[in-house]
Structure formats: structure tokens, C-alpha cells
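The residues making up each chain are set out below.
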Amino acid sequence: MASIYDDIRAAFEVKLNSVSGLPEVAWENITYSPTTGTSFVKPRLVPTVREPAVRGLNPQIYYQGIFRVDCFVPEGLGPAAADDLADKIIDAFEATTDVTNGSTIVSIRYAEREQGMPDGAFFMIPVNIGWYIYN
Amino acid sequence: MAKQFSVKYDPNFSKRVEDKLEKMAEEKIENLLLNMASDATRWSPIYSGAYVQSFSFQSNTSSRGRGRQSRKEGGGSEADRQKGFNNLVGDVSKILNSTSIVDLRTVTLRNDAPHAQLVERGAQNMKGPGPNNSWPVFAKLRDKYR
Chain A
31 MASIYDDIRA AFEVKLNSVS GLPEVAWENI TYSPTTGTSF VKPRLVPTVR
81 EPAVRGLNPQ IYYQGIFRVD CFVPEGLGPA AADDLADKII DAFEATTDVT
131 NGSTIVSIRY AEREQGMPDG AFFMIPVNIG WYIYN
Chain B
18 MAKQFSVKYD PNFSKRVEDK LEKMAEEKIE NLLLNMASDA TRWSPIYSGA
68 YVQSFSFQSN TSSRGRGRQS RKEGGGSEAD RQKGFNNLVG DVSKILNSTS
118 IVDLRTVTLR NDAPHAQLVE RGAQNMKGPG PNNSWPVFAK LRDKYR
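Residue numbers (my numbering), protein chains in the order written: chain A, 31 to 165; chain B, 18 to 163.
If we strip away everything but chain A, and leave its shape as in the complex, we get (with noise of 0.2 Å):
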């Protein structure tokens, strides 16, 4: 049976991958090079909490954790870039709404972001997606 946290990856990896004018993704585990002036994004699944939805034999198991998107645009531009980036991907993770990966429905309880720093030849807006499912 496959892990939970594979469906719960894919339902955001997909939609993430949907999300039109994103520009490369750096994703978890790949290896990734950055080329210098051009934006990408990072995203990693971070799980936080894993425990029985009730009391009782063979609980309901409640997850939570974090899905955090990285938004890296070039530095010395201004921040406009970043903040757009970070703009469309809290509106496709937009708190209360679900993202889907066959029967598996992880629903979204917020999508909020950061304030921006400099990151070597980047300037970077991190952007958390809090989400939940029962299973």
C-alpha cells in the first residue's frame, strides 16, 4: 500500500504543476542547478503532525504538515517579481479549498507567506500551505 504522504506529495506536485506561468521547479530530491537570472521555484512536503482522529481500535489517522514553495527570482530587481510569484501560488493553494490526487482530498487550511531576503544571486519569498487530511 502506498504511503499517504505519496498521494498527499502528488495532489500538490500536480497542482503546483498546473499553476500557469510558473516558472522552473527545483524539485525535492533532484538535483538542481540554478542558472543565474532566471527565476524557479522549491517546493518540499513537511509533515508536522500524525496522530488518531479518536479514541478507539483502528483510528481514523489525522495528518497536517506544511507544503512550503521557495519562490527564487533574480536579485537586484526589485522585489515586484518575487511578490507576483508568491501572489500566484497562494492563490492556487487558497486556504479552504482542496487539492485532489485520485481519492485522495488533502484540504488547504491557509496559504501565507513571508517576508523576502536575499539568497546568493536570488532574492527568495517563502510560501507555506498548511494542509490537513483524514485517513
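Don't read these hints as lab results, they were simulated from the structure.
C-beta: ideal position from N, C-alpha, C; glycine also.
Keep in mind that the hints are not guaranteed to be accurate.
What the hints assert, rightly or not - Over the 12 Å line for every Cβ pair with chain B, so calculated as not near, a few chain A residues:
#1 I34
#2 D37
#3 V49
#4 S50
#5 G51
#6 R85
#7 P109
#8 A110
#9 T130
#10 G132
As the list claims (entries may be wrong) - Here are a few chain A residues that face chain B, going by a calculated C-beta distance under 10 Å:
#11 Q94
#12 K118
#13 D149
#14 P156
#15 G160
#16 I163
Take the given structure of chain A and dock chain B to it, following the hints.
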């Protein structure tokens, strides 16, 4: 024959209820803070051990946090994780022993390591346990305890 029922006023009753409620609130807050301390140190990377030992809890009545400089050669171990947790346990008992729960407005978990931002967000040229990696410890804590 007349019957009567009287209730004797206990002048300490409200005080006893107040004390009981304060005690319950204190236990709840202590458990919450200790769970956060456990998660924060459990989720931290160990390279030199400086980051995990730089966590502190600050209340609205306490002063500055603790920050340790990372050693370039690494050398951290699981013992550093335990030390980091023990630091936080000490902070929790100090806060709860020195401040009445009624006066406690905020408790803040912070990490004053000079490289705390790098750990949280990673960097393209980050040294330490794995290039380009980040450990979003605070993002995970916000997710779990928001």
C-alpha cells in the same frame, strides 16, 4: 414546625476557586510550552550544536535570550539536543515561578543563534549539514501550534 436551610458563607470560597483556576491554567500552559520545547529541539538540525542550544522562552516580564556561535568544524551531538531541551525546561519553570499566570501576557520562543535565519530558510551557499537545505523549524511550530 418551621424548617429552614441556611448556607454558610465561606469568605475564602472565591479565592479558592480563583487559585484552582490559576493552577489549572498554569498546568495547561506548562504542558503546551514543554511540548513546543520538545518539538523545537527534536526538529532542529545538529551540526555544531549551537543552533539547538540557542532556543529560549521569553515572557513579557523577562529579558534577553541566549545565542551561541556555530563552530565551523561541526562536532555537535545528540547531547546538544538534550541540553537545548533542558535550557527550555529551565526557562519554563523560571517564567512560571517568577510570574503570576494572571500577569503572563505573552511567551515567545526565540532562537538567537547568529545563523538561525540560515537554518530556517537555507541558502544557496549554506555550510553545514547539506547545501541548499533548510530546516523550517519555526514554520513547523507555527503550523502545529497556531
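> Should the hint that D149/A touches chain B count as held when the rule is a Cβ pair under 10 Å?
Replying inline: 5 Å, holds
> Are all beta-carbon distances from D37/A to chain B longer than 12 Å?
Replying inline: 19 Å, holds
> Holds or violated: is the Cβ of G51/A farther than 12 Å from all Cβ atoms of chain B?
Replying inline: 23 Å, holds
>> A cut-off of 12 Å on Cβ-Cβ distance, and A110/A was said to be off the interface with chain B. Does that hold?
In response: 21 Å, holds
>> Does I34/A clear chain B by more than 12 Å, comparing its Cβ with all Cβ atoms of that chain?
In response: 17 Å, holds
> Is the nearest CB of chain B more than 12 Å from the CB of T130/A?
Replying inline: T130/A clear of chain B: closest Cβ-Cβ about 21 Å, beyond 12 Å.
>> Hint validation: I163/A versus chain B, beta carbon distance must be below 10 Å. Holds or violated?
In response: 14 Å, violated
> Is the nearest CB of chain B more than 12 Å from the CB of S50/A?
Replying inline: 26 Å, holds
>> Checking hints one by one. Is P156/A an interface residue toward chain B, by the C-beta closer than 10 Å rule?
In response: This hint holds: P156/A lies near chain B, its Cβ roughly 6 Å from the closest one there, short of 10 Å.
> Any CB of chain B closer than 10 Å to the CB of Q94/A?
Replying inline: Because about 7 Å separates Q94/A from the closest Cβ in chain B, which is inside the 10 Å limit, the hint holds.
>> A cut-off of 12 Å on Cβ-Cβ distance, and P109/A was said to be off the interface with chain B. Does that hold?
In response: 16 Å, holds
> Does G132/A sit more than 12 Å from chain B, CB to CB?
Replying inline: 25 Å, holds
In this structure, the earlier hints numbered 12 and 16 are contradicted, and the remaining ones agree with it.
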